[in-house]
Every structure is written in structure tokens, then in C-alpha cells.
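Protein chains: 2
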Amino acid sequence: MSHYPPSILKLVKNLSRLPGIGEKTAERLAMHILRAPRREAEQLSSSIVEVQEKIRLCSFCFALSDTDVCNICSDRTRISSILCVVEQPADMVAIEKSGSFTGLYHILEGVLSPMDGIGPDNIRIKELHSRIAQGEIKEVVLATSTNVEGEATAAYIAERLEHYRVKVTRIASGVPIGGDLKYVDQVTLKKAMEARRAI
Amino acid sequence: MSHYPPSILKLVKNLSRLPGIGEKTAERLAMHILRAPRREAEQLSSSIVEVQEKIRLCSFCFALSDTDVCNICSDRTRISSILCVVEQPADMVAIEKSGSFTGLYHILEGVLSPMDGIGPDNIRIKELHSRIAQGEIKEVVLATSTNVEGEATAAYIAERLEHYRVKVTRIASGVPIGGDLKYVDQVTLKKAMEARRAI
Numbered sequence: 066m067s068h069y070p071p072s073i074l075k076l077v078k079n080l081s082r083l084p085g086i087g088e089k090t091a092e093r094l095a096m097h098i099l100r101a102p103r104r105e106a107e108q109l110s111s112s113i114v115e116v117q118e119k120i121r122l123c124s125f126c127f128a129l130s131d132t133d134v135c136n137i138c139s140d141r142t143r144i145s146s147i148l149c150v151v152e153q154p155a156d157m158v159a160i161e162k163s164g165s166f167t168g169l170y171h172i173l174e175g176v177l178s179p180m181d182g183i184g185p186d187n188i189r190i191k192e193l194h195s196r197i198a199q200g201e202i203k204e205v206v207l208a209t210s211t212n213v214e215g216e217a218t219a220a221y222i223a224e225r226l227e228h229y230r231v232k233v234t235r236i237a238s239g240v241p242i243g244g245d246l247k248y249v250d251q252v253t254l255k256k257a258m259e260a261r262r263a264i
Numbered sequence: 066m067s068h069y070p071p072s073i074l075k076l077v078k079n080l081s082r083l084p085g086i087g088e089k090t091a092e093r094l095a096m097h098i099l100r101a102p103r104r105e106a107e108q109l110s111s112s113i114v115e116v117q118e119k120i121r122l123c124s125f126c127f128a129l130s131d132t133d134v135c136n137i138c139s140d141r142t143r144i145s146s147i148l149c150v151v152e153q154p155a156d157m158v159a160i161e162k163s164g165s166f167t168g169l170y171h172i173l174e175g176v177l178s179p180m181d182g183i184g185p186d187n188i189r190i191k192e193l194h195s196r197i198a199q200g201e202i203k204e205v206v207l208a209t210s211t212n213v214e215g216e217a218t219a220a221y222i223a224e225r226l227e228h229y230r231v232k233v234t235r236i237a238s239g240v241p242i243g244g245d246l247k248y249v250d251q252v253t254l255k256k257a258m259e260a261r262r263a264i
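Same order as they appear, the protein sequences are chains A and B. The first sequence begins at 66 in the numbering used here and counts up by one. The second sequence begins at 66 in the numbering used here and counts up by one.
Think of the hints as simulated: they come from the structure by calculation, not from any bench. This list has only true hints and no planted wrong ones.
Because identical chains cannot be distinguished in the list, a pair is counted as satisfied if it fits within a single copy or across any two copies.
Below, a list of computed lysine to any residue pairs in the SDA-like style, where the Cα atoms sit at most 25 Å apart:
#: 1; residue 1: Lys78; residue 2: Gln108
#: 2; residue 1: Lys89; residue 2: Ile137
#: 3; residue 1: Lys89; residue 2: Lys119
#: 4; residue 1: Lys232; residue 2: Gln153
#: 5; residue 1: Lys78; residue 2: Asp133
#: 6; residue 1: Lys256; residue 2: Val206
In isolation and in its complexed conformation, chain A is listed as follows:
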């Protein structure tokens, strides 16, 4: 490592702080950046600082946004009576990509995880209550992950929402589309069997 000049060493060090980027990959990226057109390097450099300067959280749903109210919350064509609760901004993006939901979102920014000391006060459950208390929301779709923490978080929220006049639903679990049954794990198969529907 010390055989590179200081400015390359600094770039390699900074790049290898990124997740999944080891020292070898960082060296390869640094060599690319070094040889890239000046404009390309400048664009990369400025977009890194810009994303930190510009991005804030939407004051309604807590999605990442360049503006105070995100594109989805400010979109009048979306159904404002359905709220989809997700763990992370990336989950919201995944659902948006699927094109299966036209309501609004609420981002918890985490899941309940007592082992890691994350309780109801550490994720945005209080904010969810305030949104529902305003009375406009008729349905809350719980779209947290289907792992232990996600299920526990969904169960907790469902229980706490019982005294509101709101329908609480959970996204379906089952065999993924295109999945080969023999490769699907037993827990998923059990869930899929239990939730079987008449066709």
C-alpha cells in the first residue's frame, strides 16, 4: 500500500470505508478514477457532497427527499386513505418499482429488536399514531420484512392500532412467483399451505 503516492493512498483509504469495498477493489477503483476524464471525477465528487447537503426526510412519511414534502406525499393523485408501513426507504422504493401500491407510505426507519436495544420509542411508531389519529387513514398495510423482527414489529403495531377505526392488513407470505417448489424453505411452504385460497 505504501508504494503508492500519498494522494492515491488517501483515496484508497476513503474508498475502502464504503461497504463491501475491500482494499484491492478500492485500489482498482482509485486507478479508474485517476484515469477517468476530469469531468467524470468532478461529477462523482460533487454528487457525494450534494447528496448529503440536499437529502432530508419528508416531513410526512420520512422518505428520503430533496424537498420538505416528498414526491409521493405531494402527489394529489395518490390515495391518501391507505398507508403502507415499511422499515426502510429502500423498501418503499422496492414497492414503488413493483407498481402495486398507489397509497402513501410511513417509514419506520428500523424494526423492533430488543436484542439490539431497539424498542417502540426508537422507531417512528409515535409518528404513525399521530398520522392515524388525524382520521383520514382507513387502512394501514404492514409491509415490514417477513423475518422475526419484521413479524414482531407488524404484530406490535397491529395490536397498538386496535383502538383506532382503521383496517390493519399484512402483506401476504408464500411461495415467490417463479419459485421452484422443491427449493422453497419449509417455513415458507407451511405459510403458503396455511394461507391457501379457493381459485
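We have chain A; now place chain B onto it with these hints.
Relative to chain A, chain B alone:
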């Protein structure tokens, strides 16, 4: 993709221009950068521009350097009568890491590759001649790769250096240390057998 705010999209686009970074990885990196401490993002950002501004080629060996003459060429303790010819700066770094060479380097910045239209004038062979013509160099170690282009380049240089009073050597080919013989390819084994030495 369009479900992210513009500043994130721009960062993802710029990151995915890097080699080996696809859109998914770029998204993950962007999310990390977004959440990283401001100082860390600024350091990454500035080191990208800095590397382009500061790095130049050493005027003797053409290694990447922050200064006009690189650390190795300006190191008086190194043996200036032996010159190691490599393809790329990264090859020089690899040899330096091995600690096996204390002479100076000459970086060709490429190999002869007629298929890609790269001839002797496209790599730094002329510059190699001028360095040798000065008379101080007694040995030239050809450390180009052991693939077809690397071997051809080494053979070409060796032939052209015949009329100088200089010893021309080639790094040894053979079974890598720690290599299991049954996994070594036939060409390498053949080379290793031909180049066997008395012990």
C-alpha cells in the same frame, strides 16, 4: 430508479460508472454515503478530485507520483544500474510489495498488441532506449506479464537491446509457491520442467 430523489439518482449514476459497480451496488453505496458522517463524505469527495489534480507521471520511470520525480527514482539508496521493465504502475507496486527488487523501474504503460493496434510507438520503448543510452544501466529485467502479449513484448525489447552493452534478463516462470502441482496448468508445468535447476 426514478423512485429516488434527483440528488440520490445522480450519485447512483456517477457511482455505477465505476468498474465492477452495478446499479444495485451503486444504490447500496449511495445509501451508505448518505448516512455517513459529513466529514467522511467530504473526505471521499475531495480525495477524488485531489488524486486527479496531484497525480502526474514520474519524469524518469513514468510511475504515478505526487511529485515530478517519484519516491523510488529519488531514493539514492536504490541501485540505479538495474532497471525493471513493467507494463503498468500496479505491476511496479506488486514487485515493491514483494520486497524483491531494489533497483529502478521503467513503466511501459501497455504491451505490444497488434490486434488492438498497439505497436512499439504506442508504449514507452523509445523512452527506455534513451534511458539505457545514457550508459549507467547494466541490467534490464523484463517483468512484463507471462501471457502472449507480455512474452512478445519482452522478446521484442530483448531483441532491440542487443546492440547496447547491457545484460537483459527475464523474470522466471514456473509453479507458483504454495501451488498444488495437480492444479497447475500444463503450460506452466512444461515451463517449470524445462527451467529445472540443480539443487
